[in-house]
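From first to last, the protein sequence lines stand for chains R and A.
Residue numbering for the first sequence follows my numbering, starting at 1 and increasing by one per position.
Residue numbering for the second sequence follows my numbering, starting at 1 and increasing by one per position.
Be aware that one or more of the hints could be misleading.
To be verified - Here are the simulated DSSO-like pairs of lysine-lysine, each with C-alpha atoms no more than 30 Å apart in a straight line:
| no. | chain 1 | residue 1 | chain 2 | residue 2 |
| --- | --- | --- | --- | --- |
| 1 | A | K286 | R | K262 |
| 2 | A | K319 | A | K258 |
| 3 | A | K55 | A | K143 |
| 4 | A | K143 | R | K226 |
| 5 | A | K84 | R | K226 |
| 6 | R | K226 | A | K55 |
| 7 | A | K286 | A | K276 |
| 8 | R | K206 | R | K55 |
| 9 | A | K276 | R | K254 |
| 10 | R | K226 | A | K81 |
| 11 | A | K124 | A | K84 |
| 12 | R | K226 | R | K92 |
| 13 | R | K33 | A | K306 |
| 14 | R | K110 | A | K81 |
| 15 | A | K143 | R | K92 |
Said to hold, decoys possible - Reference listing, derived: stretches of chain R covered by chain A, where coverage requires no fewer than 3 residues with Cβ under 8 Å from a Cβ of chain A:
| no. | region |
| --- | --- |
| 16 | 155-167 |
| 17 | 244-257 |
FYI, nobody ran anything at the bench for these hints, they're computed from the structure.
Because the structure is a prediction, the values reported are computed rather than measured.
All residues carry an ideal CB built from backbone N, CA and C; glycine is no exception.
Okay, here's what each chain looks like letter by letter:
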Amino acid sequence: MNVVVCVKQVPDTSDPDTEVHIDSSGRDVDRSKFSFVINDADNYAVEEAILLKEKHGGEVTVVNIGPETANQVIRMALAKGGDSAVRLEDEKFEFSDAITTARLLAAAVKDLGCDIVMTGCMASDDGYTAVGVALAQILGLPHAAMVKSVEVVEEGKLKVGRELEGGLMEMMEIQTPCVLTLQTGLNEPRYASFKGIRAASKKEIKLMDLAATGLPEDQVGETGSKSVMVQYSVPEVGELAEILEGDASETSVKLAGILKEKGLV
Amino acid sequence: MSDIFVLAEHRQGELREVTLEMLTMAGQLGGSVTAVLFGSGVDDFAGKCASFADKVIYVDDPMYENYNSAAYQAALVELIKAEKPGLVLIGNTGQGVDLGPSLAVELDLPYASDVVSISMEGDKPVATRQYYGGKLNGRIEFKDADTYIIAVREAAMPAGEGGKSGEIVKTDNPVTSEITVKRFLEYVEAAIGEVDITQSTVLLAVGRGIREDKNMPIMEELAQAMGADLAASRAVVDAGWLPQDRQVGISGKSVKPKLYVAVGISGAFQHVTGIKGADLVVAINKDPDAPIFQYADYGIVDDLFKVVPALTDKLKEMKG
Numbered sequence: 001m002n003v004v005v006c007v008k009q010v011p012d013t014s015d016p017d018t019e020v021h022i023d024s025s026g027r028d029v030d031r032s033k034f035s036f037v038i039n040d041a042d043n044y045a046v047e048e049a050i051l052l053k054e055k056h057g058g059e060v061t062v063v064n065i066g067p068e069t070a071n072q073v074i075r076m077a078l079a080k081g082g083d084s085a086v087r088l089e090d091e092k093f094e095f096s097d098a099i100t101t102a103r104l105l106a107a108a109v110k111d112l113g114c115d116i117v118m119t120g121c122m123a124s125d126d127g128y129t130a131v132g133v134a135l136a137q138i139l140g141l142p143h144a145a146m147v148k149s150v151e152v153v154e155e156g157k158l159k160v161g162r163e164l165e166g167g168l169m170e171m172m173e174i175q176t177p178c179v180l181t182l183q184t185g186l187n188e189p190r191y192a193s194f195k196g197i198r199a200a201s202k203k204e205i206k207l208m209d210l211a212a213t214g215l216p217e218d219q220v221g222e223t224g225s226k227s228v229m230v231q232y233s234v235p236e237v238g239e240l241a242e243i244l245e246g247d248a249s250e251t252s253v254k255l256a257g258i259l260k261e262k263g264l265v
Numbered sequence: 001m002s003d004i005f006v007l008a009e010h011r012q013g014e015l016r017e018v019t020l021e022m023l024t025m026a027g028q029l030g031g032s033v034t035a036v037l038f039g040s041g042v043d044d045f046a047g048k049c050a051s052f053a054d055k056v057i058y059v060d061d062p063m064y065e066n067y068n069s070a071a072y073q074a075a076l077v078e079l080i081k082a083e084k085p086g087l088v089l090i091g092n093t094g095q096g097v098d099l100g101p102s103l104a105v106e107l108d109l110p111y112a113s114d115v116v117s118i119s120m121e122g123d124k125p126v127a128t129r130q131y132y133g134g135k136l137n138g139r140i141e142f143k144d145a146d147t148y149i150i151a152v153r154e155a156a157m158p159a160g161e162g163g164k165s166g167e168i169v170k171t172d173n174p175v176t177s178e179i180t181v182k183r184f185l186e187y188v189e190a191a192i193g194e195v196d197i198t199q200s201t202v203l204l205a206v207g208r209g210i211r212e213d214k215n216m217p218i219m220e221e222l223a224q225a226m227g228a229d230l231a232a233s234r235a236v237v238d239a240g241w242l243p244q245d246r247q248v249g250i251s252g253k254s255v256k257p258k259l260y261v262a263v264g265i266s267g268a269f270q271h272v273t274g275i276k277g278a279d280l281v282v283a284i285n286k287d288p289d290a291p292i293f294q295y296a297d298y299g300i301v302d303d304l305f306k307v308v309p310a311l312t313d314k315l316k317e318m319k320g
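For reference, chain A alone in the conformation it holds in the complex (with noise of 0.2 Å):
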């Protein structure tokens, strides 16, 4: 295997922890692994990207100090042109998955896009990627090419513990002139409601199970016997059954309550990410085949509407 390029992913003055998931998961394959980071005043990154890499390119120009895809996409090209890795890892992020598919159509390479695991047979990498919701694998062969682009599932594995010392080379901007196509403008945070529900004790987790709307009285019902804070997956948030600060997972909140309790949520990898800090985690689905039984300490595998009603009454008759 040639070099392994990594997309160090960093943000509002952090490194991203993906990037070290992938140098991580790089440095399995065999083969040297080489870290790009493009950002600006960025030197302690590049140094906490060494403990994990062979070697560290780095830009440092005020261009990249907010994230723009057209901007890494034109410094990327001229890179990989120049540097001919054979293997480029970059986050399925909300920030990789806005670079890395035209990254491939410009550089015409064969791209695979929220890969959950990587092997190499031969000199060739072959990827594993979920489909249908995380029911099925896929086995995902490529076309022979120079350079294979790989989008890496976030989490797909743990970050190791470093420890190298990689080379750091800082070099001139590749880009030289100004990107005009788009401009970063601000972040905007995400509201915090009446509830942080990162507080929270206990969790009374509501998903797309629920149906409609006119179900959540019965949800709020069982949250107070519990002495729950309510909490949602995004099918639910979406439909505008619950505010978004109450949306647990990847795109909302990550949270660490006593009990969580899961009610309708199949589990998707996107929900389950925000629940890794629960010390209990209990689910209550229909579907035994749902992904969140492989995350919870018990489950009950019924009609919800049986369920919690039940719970409820039970409950409320132990408070007495």
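For reference, chain R alone in the conformation it holds in the complex (with noise of 0.2 Å):
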């Protein structure tokens, strides 16, 4: 069972420190302060695919578009277990739309012979949601998105569970080859050993730009993309709270003064 599994390198904006502000261009966010992570739903991709491998043999190719930073996830997706991995860059690359994206993955992932392709549902810096299901068309599999179990019926076949609103399952019977998108949750995610890390540091990332994904330029970027988000701004915010100020002690006393009044404790 060969996997390839998708990651993406984003700021960590689950730290309430990280402020996310727009840069002078207005199409981009001031990066100079983010400190930066896999993508959560990656991270469980990652794992899955691993434990696949651990339980089905096979390889794991793990597969990213980004700058050389990036490394870092990819090396720390290689030290968990994964084989080998490919880092696409190049600068006409930039501005991608989510279809682009995966057109980019597409040419990538085609000639690698999996039985699997996993990427996170969604990522936590644009929300698309959509890489993981164009990629799949692109490539001519079937799929399935918000997957919160995988599950290897039989050669050929899988059984996943989506996860609709409401924590609802949709149970469903799947071919391979196909494309999964992963939901968070669905495993737990394990630290990289130390002689892992250390095998990983000697493992090769193959490297991607224009010319080597065979696309025409003119269907990369922002030329290549449909769909393009032009100007960032800041949300209108609504009518906010009644903020009760004062030190812990003072505001804890209002509070429980409050809710005392309203018979609620």
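Build the complex: two chains, separate frames, hints provided.
The following block contains the structure:
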């Protein structure tokens, strides 16, 4: 069972201290103060890929589109059990929309001969929730999105659970090769071992630029994208809560008083 | 604006609200609104859609009893090619995100996902969607195309009153061959644990801000002092600190307590969608810009590790 897992490096916006500011172009954010991490859902995808390899054998290939600093998330996936890696980088890839991003990934994945391609279901920065499903169509493969359970039924067939609203699971049978976009929480992502990290540092990360993808220039980046994010803005803020002022001892007394007065505690 | 298609969404015998929200949204863009409905024995859904649309195109076939994006995609490709709508709206839902991107690729059309509002500029749509967990909006413009496909966020706008009486056109299933690449098996309902948080009067909801599992006891202590049941954001459930049946939000539960205290929860829309039914919301978060303060009645901007113990002590003291 050969698995390709696509990983994205994103700003660590889960940290409440991370502020997001629009840069002078209006089309990007100031990245100078960000720390970068693997996208949360992709981290679960890496774990699921390695679990499948451990159970059924085969190899795990890690694919990423990103700058050299993204090697950090690639190497971590290799350290956990990935076998090889491809990183796509070219300045012409900038401002690719979800479908164009999928086209780039397809160029890297199409000749790898894998049984399952995995992506996270959503990236925490752009929130597209679209790249994996677009990738499936470009590769001519079936797909399942928002997957929260994966089970190999028999050769060429998986049973997957898709997470819907309200925690309802839609159980599907799907043929392989296929593309799955994985939801957070489906496994417990492991930590890399020191031995794994050492081994990963020696593994080659194959680089692909525009020429290596074989794609014409007008099929990538902003030129190749049919939807273009032209301007960021700060959302209008609705009416805010009444903020209780003071230090913790004062605010807790105020809050306790309010709750008592309303008969809620 | 030419015709706008809205894909009706239904599940387990119910037409989902997002359908009416999208029909309402489409109605405000000008042009004729067509609800597109695939189902099996869904005459009543067609009727319901007709009160929000100028036209309902409706395919009744056992193939569509349960959702299979491959079947939907095959049918939509044929209908879009035949009817040439200018815009197609799909819910950015568990069903829609499994369909929209591959449909757009197959038809080589522009696609935007998780869109919160649409306006028309000339005869082209311009979309607004959110980035960085709702901290920024982005304006999406499209390259010229005959049809634009947009996946609309659930609850992006409320459904209107309806009141139209659109023409209902039942058509033959455009998909004539069996779909074999994937197959629906069954739905599995989320388990209900020892506490059903949808019935709780007071909830203390814990978010990523608690940082580590070992900080759960101080939350449990506060819950006890408040007489609250514990609830959680997705991050806490994913990390395994609380069971899934405590999760509040789109993929968890919708709750309706008299009091909801959110601690260390930033307030992404996926979470706050689940607390619309709460009477009083209190948020404790160190980030003054956290969206949760837009949904809360009272807020404390401070380190939760200072406020939570102080509040616990105060509540215990009041009880005597």
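Item to check | Restraint status (C-alpha distance of K55/A to K143/A at most 30 Å) | outcome: Distance ~28 Å between K55/A and K143/A Cα, so the pair holds.
Next on the checklist: Please verify whether K319/A and K258/A have alpha carbons no more than 30 Å apart.
Outcome noted: Status holds; Cα separation ~20 Å.
Checklist entry - Checking C-beta pairs, does the region 155-167 of chain R have three or more residues closer than 8 Å to chain A? => result holds (count 8)
Checklist entry - Regarding the pair K206/R and K55/R, is the alpha-carbon distance no greater than 30 Å? => result holds, 27 Å
Checklist entry - Is K276/A close enough to K254/R, meaning Cα to Cα at most 30 Å? => result holds, 25 Å
Checklist entry - Are the Cα positions of K286/A and K262/R separated by 30 Å at most? => result It holds: about 25 Å lies between the C-alpha atoms, which stays within 30 Å.
Next on the checklist: So if I understand the rule, the pair passes when the alpha-carbon distance is 30 Å or less; does K33/R with K306/A pass?
Outcome noted: It holds: about 27 Å lies between the C-alpha atoms, which stays within 30 Å.
Next on the checklist: Need the status of pair K84/A, K226/R: alpha-carbon distance at most 30 Å?
Outcome noted: holds, 18 Å
Next on the checklist: Count the residues of the region 244-257 of chain R whose Cβ falls closer than 8 Å to any Cβ of chain A, and tell me whether that reaches three.
Outcome noted: n = 9 at 8 Å, threshold three: holds.
Next on the checklist: Can you confirm whether the C-alpha distance between K110/R and K81/A stays at or below 30 Å?
Outcome noted: This hinted pair holds, its Cα atoms lying about 28 Å apart.
Item to check | Agreement of K286/A and K276/A with the hint, judged by alpha carbon distance not exceeding 30 Å | outcome: holds, 23 Å
Checklist entry - K124/A and K84/A: Cα distance at most 30 Å? => result holds, 15 Å
In summary, this structure violates none of the numbered hints.
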